[in-house]
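Colleague: Residues per chain are reported as follows:
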Amino acid sequence: MKKYILTGTLAALLTLGGLSVPALAGPEDVVVENAWSRASIGMNRPGAAYMTIRNTGDEPVTLIGLTTPLAMMPEIHETKTNAEGVSSMSPAGEIAIAPGESVALEPGGLHAMLMRLQEPMTEGDTFPLTLLFDDGGEVTVEVPILGIAARGPED
Amino acid sequence: MRRRAVLGYGAAGVGAVALMLFVGWWQVDGPGGPEPVGQRPVALTEMDFRLTDHEGNAVGPETLIGRPTMAFFGFTYCPDVCPTTLSDISGWLDDLGDEADEMNVVFITVDPERDTVETMAEYVGYFHPAIRGWTGPEEQIARVADGFRATYERVPAESGDYTMNHTASVFLFAASGRFVTMIDYHEPKEFAVPKIRRALEEEMEGAT
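Read top to bottom, the protein sequences are chains A and B. Under our numbering, the first residue of the first sequence carries the number 96, and numbering increases by one thereafter. Under our numbering, the first residue of the second sequence carries the number 30, and numbering increases by one thereafter.
Hints were generated in silico from the structure; no laboratory data involved. Every residue gets a Cβ at the ideal spot worked out from N, C-alpha and C, and that includes glycine. There may be inaccurate statements among the hints.
[Stated by the list, open to error] Taking CB as the label site, the calculated pair distances span: (1) B:T145 x A:E237: 33 to 39 Å; (2) A:M168 x B:P166: 28 to 34 Å; (3) B:F220 x A:G137: 30 to 36 Å; (4) B:E142 x A:A199: 29 to 35 Å; (5) B:E142 x A:T217: 22 to 28 Å; (6) A:E123 x B:E131: 52 to 58 Å; (7) A:M168 x B:L48: 55 to 61 Å; (8) A:E196 x B:D127: 43 to 49 Å; (9) B:P158 x A:D250: 17 to 23 Å; (10) A:A178 x B:D175: 16 to 22 Å.
Hey, can you work out the whole structure from these sequences and the hints?
Modeller: The structure is reproduced here in structure tokens:
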């Protein structure tokens, strides 16, 4: 049985505090880092969240979905830009992460698309986002909401 | 005997070069070449469209003549590409500092149904103050895209809404209205800023 670990802001704080990273329910091998999202204007537009998902274990893991109280339809989407410079976006489907590999959700590529927001995304707030894996494991990460013009987790 | 061999090699060499040229032509310009991708936009002076900026002013291609222009397409319901492009541009403008004051920076919506003047005003307010938001009737947006040789397409989303596929490059025009170059989506700052300076410098040369 693998175990998931939550990192990011919370883990960083705990580590700084001299505590070990807490193991949550699920495989210990999935680490989520640098989660961030942009504030929304109202609730009509979809939001997007970004993060790096690392598989530190010996077995492949497959991300099959998302849940969050913030949005009715959270889904991993992928933006692609073709040779003519035209960008399009579509659901990315399941995402397999090999042992020792990581997948980056970042602007212009994969992102957690947050459709049908239940409340506006306000700069300075955070929201919980749960990643669902094919073995039934899940990991919940607290995603900070940055400004609309944010370019990365450091903004 | 020796001379004949040399001639033979020479002929073979010429033949090889001719063949290479032919293969090159075939693959690049000839029937074997790819479909022409992303033709160059026409000059702003050759475009004809009427839009409204986010402050309600009537605008058109002539509004942009006289200063170098950075223009791009998007829509405010776009969660990923458009805020990223707008943030990238805001960063480039910060890098350019005072030089950026000499430029027009225009965000043209491809989704006029949802992007009203008020919507554009609110949206551009979150980014660099130099960025103007332009919207207008669908048929006018189509004329802009045609002049820019840009494309856009409405695509239904599973949520019941729709999203827009669109050209994500940033277009640069000289003060004369001549097309200079474009910056690809998410192009690194080290490449983007010199390209913008090129459009700015072209203006200086034109002015002297």
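Colleague: For the hint 55 to 61 Å, verify it against the beta carbon of M168 (chain A) and that of L48 (chain B).
Modeller: At 57 Å between Cβs, range holds.
Colleague: Given a hint of 29 to 35 Å, does the C-beta separation of E142 (chain B) and A199 (chain A) actually sit inside it?
Modeller: Holds: the Cβ-Cβ distance is about 33 Å, inside 29 to 35 Å.
Colleague: For the range 52 to 58 Å, tell me whether the beta carbons of E123 (chain A) and E131 (chain B) fit it or not.
Modeller: holds (56 Å)
Colleague: Mind checking the hinted window 30 to 36 Å against the Cβ distance between F220 (chain B) and G137 (chain A)?
Modeller: With Cβ atoms ~35 Å apart, the hint holds.
Colleague: Check the following: the C-beta atoms of M168 (chain A) and P166 (chain B) are separated by a distance inside 28 to 34 Å.
Modeller: With a Cβ separation near 31 Å, M168 (chain A) and P166 (chain B) satisfy 28 to 34 Å, so the hint holds.
Colleague: Are T145 (chain B) and E237 (chain A) spaced within 33 to 39 Å by their CB atoms?
Modeller: holds (35 Å)
Colleague: The hint says 17 to 23 Å between P158 (chain B) and D250 (chain A); measuring C-beta to C-beta, is that right?
Modeller: holds (18 Å)
Colleague: Can you let me know if the beta-carbon spacing of E142 (chain B) and T217 (chain A) is within 22 to 28 Å?
Modeller: holds (27 Å)
Colleague: Mind checking the hinted window 43 to 49 Å against the Cβ distance between E196 (chain A) and D127 (chain B)?
Modeller: With a Cβ separation near 45 Å, E196 (chain A) and D127 (chain B) satisfy 43 to 49 Å, so the hint holds.
Colleague: For the pair A178 (chain A) and D175 (chain B), does the Cβ-Cβ distance stay inside 16 to 22 Å?
Modeller: holds (20 Å)
In the structure shown, no violation is registered for any of the earlier numbered hints.
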